[in-house]
Amino acid sequence: MDIFGVPIQALMGQLMLGIVNGSFYAVLSLGLAIIFGVLKIVNFAHGAFFMLGAFTAFLLGQHLGANYWVALVAAPIAVALFGMLFEWLFLRRLYGLDPIYGLLLTFSLVLVLEGGFRVAFGSSGQPYATPEALRGTINLGFMVLPIYRGFVILAAVLTCLVTWYVIERTSVGARLRAATERAELTQAFGINVPLLVTLTYGVGVGLAAFAGVLAAPIFHVNPSMGSSLVIIIFAVVVIGGLGSIMGAIVTGLGLGVVEGFTRVFYSEFSSTIVFLVMVLVLLIRPAGLFGREES
Amino acid sequence: SNGFSDDVVRIGVLTDMSGIYSDLSGEAAVEAVRMAVEDFGGEVHGVPIEVIYGDHRNRADTGASRAREWYDNDGVDMINDLSNSGVALAVAAVADERQRHAISNSASNIGLTNDYCSPYVTHYTYDAYSLAQGTGKTIVEDGGDTWFFLTVDFAFGIGLEQQVSDVVREAGGHVMGAARHPLDTTDFSSYALQAQASGAEIIGIASTGADAINAINALSEFGVSPSQRPAALLLWFDDIVSLGLDTAQGLLINNAFYWDADEGSREFSERFYERTGRMPNMAHAGNYSSTMHYLNAVEAAGTDDPDAVSEKMRELEINDFFATGGYIRPNGRMVHDQYLWEVKAPDESEYDYDFLRLVATISGEDAFQPLEDSTCHLLNGG
Amino acid sequence: MPEAIIETTGLTKSFKGFRAVNDISLQVLPGTIHAMIGPNGAGKTTCFNLLTKFLRPTSGRILFKGRDITALKPDQIARQGLVRSFQISAVFGQLSVLDNVMLALQRQRGESFDFWGSLRRLDTQKARAEELLHDVGLGAELDTPAAQLPYGRKRALELATTLALDPEVMLLDEPLAGMGTEDVSRTADLIRRVAKGRTVLMVEHNLGVVAELCDRITVLARGEVLVEGDYATVSKDPRVIESYIGGAAHE
Amino acid sequence: MSEAALDQTPATMLSIRGLNAWYGESHVLHGIDLEVPEGQVVTLLGRNGAGKSTTLKSILGIVPKRTGSISLMGVETIAQKPFRIARLGAALCPEDRGIYATLNVRENLELPTRINDSGLSTEQILDLFPNLRERLHSPGSKLSGGEQQMLAIGRILRTGARFLLLDEPTEGLAPTIVEQIGNTIRNLKEQGYTILLVEQNLRFAMSVADHHYLVDHGQVVDRFDRQSIEQNADALLARLGV
Amino acid sequence: MHLRSLTLPLSIVAVLALLAIPFFPQWIYLVFVMKTLCFVLFACAFNLLLGHTGILSFGHAAFFGSGAYIAGHLVKNYGVPFELGILAGGLVAALLGAVIGALAIRRSGIYLAMITLAMSQLVYFFYLQAPFTGAEDGLQRVPRGTFLGVIDLRNDTALYYVVLGIVAVGLWVVWRTVNSPFGQVLRAIREHEPRAISLGYPVARYKILVFTLSAGLSGIAGALKAIIFQLAALYDVHWHTSGDVILMTLLGGMNTVFGPAVGAAIVAALNHYLDPFGAWVTVITGVVFMACVLAFRQGVVGELGRLLKLRRPSRPEQTADQPARGESQP
Ligand SMILES: Nc1ncnc2c1ncn2[C@@H]1O[C@H](COP(=O)(O)OP(=O)(O)OP(=O)(O)O)[C@@H](O)[C@H]1O
Ligand SMILES: Nc1ncnc2c1ncn2[C@@H]1O[C@H](COP(=O)(O)OP(=O)(O)OP(=O)(O)O)[C@@H](O)[C@H]1O
Ligand SMILES: [Mg+2]
Ligand SMILES: [Mg+2]
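Chains as they are written, first to last, in my numbering: chain A, -18 to 276; chain B, 4 to 385; chain C, 96 to 346; chain D, 36 to 277; chain E, 3 to 332.
No wet-lab data here; the hints were simulated from the structure.
Be aware that a few hints might be false.
Here are the computed lysine-lysine pairs in the DSBU-like style, where the Cα-Cα straight-line distance is at most 30 Å [said to hold, decoys possible]:
| # | chain 1 | residue 1 | chain 2 | residue 2 |
| --- | --- | --- | --- | --- |
| 1 | C | K291 | A | K21 |
| 2 | D | K177 | C | K111 |
| 3 | A | K21 | D | K100 |
| 4 | A | K21 | D | K116 |
| 5 | D | K177 | A | K21 |
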């Protein structure tokens, strides 16, 4: 049976791949959403941190001989530390100002990071080998799925759920939500909100870096691998509803699928579909799909 | 001194120094031109030769204004490299208007030798047409006659796809279809699947740079190759370096130059490697060869007067490590042999950068657009 | 009893179930100063937002001079002559005191869309603006950026701006909030003066002022009208004392 | 008025001198001076907008801008970050109750950092306010005003802070609960807690407090102890705005 | 604004300098100046929204690019005369501005920014697919033609003075708008929208009008650029261009009328003169921007104005960067 001349089988395959991409979107937009929720800043450097994660993994392998699994843990932590330093040195000077300044600062950071890596490693990028354990493909009947892609889905969804759990269900998360809701009063309860903010930024960019490491074996590790990502990711967050963790995750996965199908039926439009969706959503449901309507 | 516009022959290398193509041309391209000038002796008829460079940021307007400034204010006599077709076309327009020389080595758009042709513009290393011929024709003749294309949704890709398709059909092959992807697509899995579904023997990759690399990655990841064979219509030597042989092995690529082809190329390449720490690709070699040719023409003409030089350039034959018996047609097309290479498997590679095996040589006459098909206005004139 | 100039029937506003304003039927008589008091969160500001359509009522009707204005937009309501001020002072901070008032004056002239016109066209209104500012004791501050005024003077400026529209009805939300004692009395006098020939509906916590200014008082609590009447009646009412003023609670 | 009254008490929990506070450009506190002796209950009286809540907020450093001197347990805190002040052992139950809508009752309850384990356990608090037990897992926004108030008070009893700042804890509560809170405050006092209470309900205030400050327009205009307040009750009611 | 006192002399100097430029080709390159002028107009037009109305549009490339493509297309393929081409570019952009504006202003803040971004991406896609744009090769070889059929614009100097004239008019319109009753209302909306409404202003209509105006002027800027370089390219509609213009505006100072002009000049100069640094340009640019955001938040001109103010004894002044928590005492 066909849909617009595309066999249902193929569609199943595309659905699968859509979910894979969606998982990347989910992890990335999750990080962006957390940062925006607490810092009220659009972290324009999110794509750059994604790239940073991939490169860190690559470098760890090159110079320290660290294998994929080590990198998967070490790289995000390293990047998170870097991000926290950045927040501590520069970003926090802009709190309470028009968010546009934060946007501009993080944008400058993008230039520095991407430019720097291009100078250091050239523009055509580096290969990163898939770990032995995850080489090869499995036949799902309707498609052959590279095992690694399957792993990406698992890792990403797991990370998202853990993060969601930590934020929505643990005392640390409670503090975070409290700080988001009323920073002042929360301080009055003896909670070190500034530190919390720094950590939040760390976690946010750490997630981006994690996505980067996941991406390294699939996509080529090159300095501009994250450059066009950030506006799409932020679109995802806005569609999901600013401040909604689940919104970011679900919308991420969803849009991955939507994009996947667009690639079959109207491929040229696949990089633009997200924005069409966003316009429609924002005009029909101002606060985004999962967002609370605030006045 | 007498015939020289100002007392220096100035060559400007207009390239992508900081952007996504900075590996394909960039600083290495500048170095190649410098080498040519040094090898030439640093001066012509006692007039010093100077090399300057600029960054076009892959933006036509930036390139055009830089070119204008060079021609108008800085007495630049010839602009070389011109990676990125948009920039090349814009600069060609300026060159024609300002009546100064421009040579493109890393752009593919055949408009340069058709609607946009000019007595002052030379298209040197390769063009979309030669890619189509080199890859399409040869492969079909080898028996790979069903094709599917992964095409970047841009004039470059679409043009390339169409040309190859024509060639394939002419040679009796079939085109099963094409998937058009936006520029800077990172994930090609979806297209890999479509390619797989098509069942075509040859998967033509009509894109370049990061897109091509990611496409090839996806194809091998999904086990498309080797059962189906990817053919990269424009893949640079640097791309193979960064893909690694594991992924790239078996690829068919059309390149006008390979460092390990013969004595001459090896000699140049090793010197080049000394200076830049990278092996030259066809554009770098073209940068060198074309600069050399331009200077020879200047010497022969005894002046840097653009018209005189233009005549000499079209008159003199090109014989060096890059081309044998190469010559420039009235429409500015430099005609020389093209080669189809296959990427070796890791175990076949015996030493560093031992990447390619020659599959076929396409004579210049076959490789490039026949003169009678060119829409260049200079032709119907005389 | 004269026809009410503002009349609401069953006015209700709920925020996701929570009823901030619950079935309020209010009558403001022309020419009176009408106070609305009540504990924090009673629904006073919400009431104002409803009357001026900054919030859309969940249910209920609003009549202005007998006409139903429930469907109008905020700016239309303002143009009808029903103008409100804000609880947290609302001035155009970066503009000079004079320009703040000029902005209000400029509206009546139809030129506010002329991006090609020069500001000088408005000079004719300068005199009027200065006069208004003089009335509120800002005559000396004409060129000060409004943001630089002390809080109390801001409220005065806001009042002047509101007056510049020459509204039939003024809704003032805590016009005395955050003022020092002297500012309070000055502004209170001002309100009394300008109230002549208009109707004023005001929210105020300062009961002393309310006592001397207002002809009529509505006490809200938990979004509902608790008592209505003149000060004497209201302040004696045990429920008011219990819920708002405090003191003789459930003895 | 007599400083003497206070000088007998050994330790001073809180001592404020010339406290000024602003919201943006709105100058709200104009030089507050007050003392809170350790182990006693002190109330701030005053009509709406007098600056009572702002005084409490200032003590914890959560007003946009404040100047003057606030010494808490002998430590000067005017320059301290709010969370450090809190960790000295002061806990605020704010006027608007400060319940977090996105946190459920338990999370709200367990949010404040425990500075020592002298505080009540969650269980003890739930025993104190049984209504909270049923609603333990429902979000703070869904609580009734009364339940929110109980939560707000219970919350700070957990921290182990010895100095409690209660802003109108009886506001909008049913008489019975007001009673209950009164008792709570009394036996907290017996346990040696120090309490600064903002209260508009004079009778209630009189029933629990040792000292009273009358605040008006951001200044302390008068102060009473147990005896003097009894005599001036009616006069006071008038000054509170009736 | 104490800069006022300096504005007149400064602008006179600037005008004279601009008029003199063609006589010193060895010092500064004419086409570069023309390009800068385009961005000056673009940035000032953009700031009508950001600085003067407090609306952040993240999609202004759509207007700039439309101006470029429309003008280029008409002039090249329909032989429309120069001045009509420019006008058409402006009109189409203005129309687009009215539409996008009408949709976007139904939201505010970050949401508005995202809507404009999204719409501009759709516009980008249109020009990417439209047959006449030549996709990434760009719309090439746009003839410069003549001005009013007399002045031959292939001569850079001639073109320069024409461009200078048009940009001057454009800037005058901006200045006029800002200093008109209309501009006064815009400022009111920026300062306190609810208050503006409560004064009876139909805020939505004002926003749409200023959107249209800003878009139109941006379109003219784009159209000029297309004529100057004789080409229109995708980068003109790419969101990077939207980002660039925000950058220029902030660098110059968004609370000033001509600050963005300075910002535009800075950015253009960075792009033009950093070439010798080869691959390092991007990094250097980034560092410069960072320094600007952190060091002078009011933008170059804004900070200048502040310094001038600090000179005089005047009340402490409201600035974006006041300490959040209050000062303290020993
Ligand atoms: N946008 C809103 N969303 C949800 N609840 C709201 C909203 N605005 C007001 N409320 C609630 O409605 C109730 C009435 O608010 P309102 O501001 O009208 O009180 P008020 O009488 O003006 O109090 P105050 O004297 O402090 O100004 C309060 O409980 C408040 O929390
Ligand atoms: N967030 C704020 N922004 C501006 N002004 C405020 C703010 N909070 C309070 N005020 C003003 O500060 C003054 C004192 O407020 P405060 O809440 O301290 O009074 P209060 O004595 O606690 O009154 P209540 O009995 O209503 O609690 C009031 O005039 C009030 O309008
Ligand atoms: Mg010369
Ligand atoms: Mg209110």
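Hints, one by one, checked against the model:
1. C/K291 <-> A/K21: Since the Cα atoms of C/K291 and A/K21 sit roughly 48 Å apart, the hinted pair is violated (cutoff 30 Å).
2. D/K177 <-> C/K111: holds (10 Å)
3. A/K21 <-> D/K100: holds (22 Å)
4. A/K21 <-> D/K116: holds (21 Å)
5. D/K177 <-> A/K21: The hint holds at about 26 Å.
The earlier numbered hint that this structure contradicts is number 1, and it is the only one.
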